[in-house]
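**Q** What follows is the residue order along each chain.
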Amino acid sequence: EAAVTQSPRNKVAVTGGKVTLSCNQTNNHNNMYWYRQDTGHGLRLIHYSYGAGSTEKGDIPDGYKASRPSQENFSLILELATPSQTSVYFCASGDWGRNTLYFGAGTRLSVL
Amino acid sequence: AQKVTQTQTSISVMEKTTVTMDCVYETQDSSYFLFWYKQTASGEIVFLIRQDSYKKENATVGHYSLNFQKPKSSIGLIITATQIEDSAVYFCAMREGPGYQNFYFGKGTSLTVIP
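Listed in order, the protein sequences are those of chains X and B.
Using our numbering, the first residue of the first sequence is number 141, and each one after it goes up by one.
Using our numbering, the first residue of the second sequence is number 3, and each one after it goes up by one.
Please note that the accuracy of each hint is not assured.
Taking lysine-lysine and the DSSO-like style, the derived pairs with C-alpha atoms no more than 27 Å apart in a straight line are [stated by the list, open to error]:
1) B/K74 - X/K197
2) B/K5 - B/K18
3) B/K18 - B/K40
4) B/K72 - B/K58
5) X/K197 - X/K151
6) B/K5 - B/K58
7) B/K58 - B/K40
8) X/K197 - B/K18
9) B/K40 - B/K72
10) X/K151 - B/K40
11) X/K205 - B/K5
Source of the hints: derived by calculation from the structure; they are not laboratory data.
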């Protein structure tokens, strides 16, 4: 079964601080994604990657950076966290053989 | 513009009945893929069912089926014989073309199954 692991599961950060959310997948999927989920907005795409070394902007990339150092790992970086970035963040990897996404359990981030 | 729209914010149904959740999408591509995902109370998001745009037959998996109306750009999710554990938030999603890797999600519909 596909496995996508996110860490940390919960994070409290201070405004202006740096936050790194990590994602690891053991599925050998090429594509990985970062979404945020907010009430009334559903899932919105922040950044995605086609493979190691690549990152692409999604629909709401402002204030976020991404890093894909290897096939397995994809990080989301908030260089200067703001309260508006308080949200639940989901990482996912893509299996094009079955044409679907596998999601991690989510990271709940609070920026105070 | 929203590419995937779910107009039903929440639905409540009695256990063992059938429920339909609506979803409309917007795309210029001739080839695309439509999905439904379920988010449980624990927050876990799981894939349920998929419809490929070039297929005329409606997809069915277990007690989930789709009502694909291509001329209306509509993909409804039908759950028959609902169970308490079907209570969740359901997301409709679309991936365009063979060259596009993005998935676009609707805002979700919250389903409550009443015993």
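**Q** Work down the list of hints and note, for each, if the structure agrees.
**A** Here is what the structure says about each hint:
Our distance criterion of 27 Å between C-alpha atoms is broken by B/K74 and X/K197, whose separation comes to about 30 Å. For the given pair, B/K5 sits about 32 Å from B/K18 by alpha-carbon distance, which is inconsistent with the 27 Å threshold. Among the hinted pairs, B/K18 with B/K40 is consistent with the structure: their alpha-carbon atoms are about 19 Å apart, no more than 27 Å. The suggested pairing of B/K72 with B/K58 holds, with an alpha-carbon distance near 9 Å, which does not exceed 27 Å.
The hinted pair formed by X/K197 and X/K151 meets the criterion: a straight-line CA distance of about 24 Å does not exceed 27 Å. With a CA separation close to 22 Å, the supplied pair B/K5 and B/K58 stays within the 27 Å bound. This hinted pair checks out: B/K58 and B/K40 have alpha carbons roughly 24 Å apart, not beyond 27 Å. Only pairs whose Cα atoms come within 27 Å are accepted, and X/K197 paired with B/K18 is rejected, the gap being roughly 43 Å.
Only pairs whose Cα atoms come within 27 Å are accepted, and B/K40 paired with B/K72 is accepted, the gap being roughly 23 Å. A threshold of 27 Å between alpha carbons decides the hint, and for X/K151 with B/K40 the separation of about 25 Å falls inside it, so the pair holds. The straight-line distance between the Cα atoms of X/K205 and B/K5 is roughly 24 Å, inside the 27 Å bound, and the hint therefore holds.
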